[in-house]
Amino acid sequence: MLRHALHRLILAVPVMFGVLLIGFLLMQVVPTDPATVRAGPTATPDVIAAIRADLGLDRPLTVQFGLYLWRLLQGDLGTSIINNVPVVQELGATIVPTLELMFASLFWSIPLGILLGTLAGYWRGSLIDRAIMAFSVAGVSVPVFFLGLVLIWFVGFQWQLLPFTGRGGPLWTMDGIMSLILPAVTLGGVFVGPVARMTRTALLDVLSADHVRTARAKGLTERLVVQRHALRNALVPVVTLIGLQIGFLLGGAVVTETVFSWPGVGRLAVGAILSSDFPMAQGTIIVLSMGFIVINLTVDVLYAALDPRIRGA
Amino acid sequence: MSATNDGLLSIEGLRTVFRTHGGEIAAVDGVDLSVPRGRTLGIVGESGCGKSVLSLSVMRLIAHPGRVAAGRVMLDGRDLVQLPAGEMRDVRGSQVAMIFQEPMTSLNPVHTVGFQITEAMRAHDARASAAELRERAIEALNRVRIPAPERRFDEYPHQLSGGMRQRVMIAMALACRPKLLIADEPTTALDVTVQAQILDLLRDLQQETGMSIILITHDLGVVAEMADEVAVMYAGRVVERAPAGALFNDPMHPYTLGLLGSVPRLDEERESLLAIDGSVPPPFALPRGCRFHPRCPFATAECRTEQPPLREIVSGHSAACLRAPVEAFAA
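Residue numbers (numbering that gives the first Met the number 0), protein chains in the order written: chain L, 0 to 312; chain D, 0 to 330.
No lab work stands behind these hints: they were computed from the structure.
Beta carbons are placed, not taken as given, at the ideal position from N, Cα and C, and that holds for glycine.
Heads up, some of the hints might be wrong.
[Stated by the list, open to error] Computed footprint of chain D on chain L, listed as stretches where at least three residues anywhere in the stretch have a Cβ under 8 Å from a Cβ of chain D:
1) 93-102
2) 293-307
[Claimed, not checked] Stretch by stretch, here's where chain D covers chain L in the computed footprint (C-beta under 8 Å, at least three residues):
3) 13-23
4) 198-210
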């Protein structure tokens, strides 16, 4: 188990390197010149050249990348071109709200999705099944921003039940929790449908398996048969799906944060890209990709926890 | 017609149907059987003859859209067909246990061997402590001759060979000391040498525990080795029932004759093996009259219209054939 996790961790290193390289190159490909942006619209070519030298942009790409990695190792992601604040500092301030939002979204949507999928699968073909499947198709079809806007309009604006702009405070305060509800419902909302559908499919698959018949032949209650012998096995593909969907979750987080003015990494990334703040944009890309890698790592380890056959491999 | 009452299990007029778009079809159609205590009943037939459906009907594990439509399954004086679901669940595993054809897929890959065995025990004995269950499970593994049972207890099914898994299945089935073990093709998926070991094991365990066994197989060799009495099934019905010796020496139903003719033997010289022409009719396209008549070389006009009942021809030996016993069969 531990070896499996370690193995996965080592495999993540080259992936991380690739992400850094692509993130770095992306910023080179963009047609805007950071030195021009920093110098402002009225700067003379001399000033721009000076800034370029100052930023190290006149040196060969390989040297720039090497320096970039070296600074990164020291925890230095550069400073924002726009407001001269260290990128690390900005990221540090936004990462907690983003994590809050993500966990809050997954916290309710995954259990609900698994529950709905289990109910639908167990009572296949029934009215419950059809209702749940209709609901999940609707959930899959609604874009994140639209769900967010609808919630803002009705729950936030018309009925004035919950706040819908910004973060009211840290999670342990009442304001913090209240302001988190609508964004978390929005972001998690897109997750329930796919999880429910996958759980249903996987459960139906397992329920017809031989070992489920064995479990029934032992005299187990139907509840134990489903819990221990069907759902547990069905969770393996569900976890895979969740891992794959995390990419959408990160994309959804960017949209959700923008719609709700949530002070997170996603909104920071959008702002940085729109204002050509290269170091900041690079920093947010690194953090979001790291998140992706960490989540995939977690999924891999979870796999092994769920299915002993994977542990040895 | 009705089976004797001195046995442990008696099946009377059992009929199991499946609902399809074309109406209800009967996979098991009016079967009478009985199993005496401590003895083995072999049920033989080609695939599709209804033998597995019969065994699942006894366990009441027929899944939707199937159901037991008529008949009784009397176990120790209780009719399992009429039992409330909760009581039937108590019967499963503790009174009647079952092992299946595929040991590779019949165990849950995500739980340890030990967990799956103790789970069966816990289902029928909620008071036992974890340590006690572990001890009993290791004892059960020991009983099915699994080497190093303490180590196997914590292993997963994928770490065991096919033969070992079938032993685990047997240990699990016998964990609660059932009175009846239904073994549905227990050796079909195994290597020949392992088959013999498993059959030996089942016979030894039967002697130790005094349980009855229903052995379902298409392999006449397995039946010859294991069964005290044999029932031959064809298209959802029992066509012949006899003590094992009598069935093999003096088969009375043309179908049984055909089955025996298609088994290679070492002690007889034969040009070629006999094969029964055609195949088992599917339950939705059964012929009128005797269900075997389209494939029967001895069929007469009467066989096409009249369904022969299972009747005793000599003491203890019954056949469902209008023409049995016919001297011509032997020729």
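Hint-by-hint comparison with the structure:
1. Coverage of the segment 93-102 of chain L by chain D is violated. Counting CB-CB distances below 8 Å, 0 residues qualify, and the rule asks for three or more.
2. Here the segment 293-307 of chain L counts 3 residues with a CB under 8 Å from a CB of chain D, which clears the bar of 3, and the coverage holds.
3. Counting residues of the segment 13-23 of chain L whose CB falls under 8 Å from any CB of chain D gives 0; the rule of at least 3 is not met.
4. Interface restraint, the segment 198-210 of chain L with chain D: holds (3 residues with C-beta to C-beta distance below 8 Å; minimum three).
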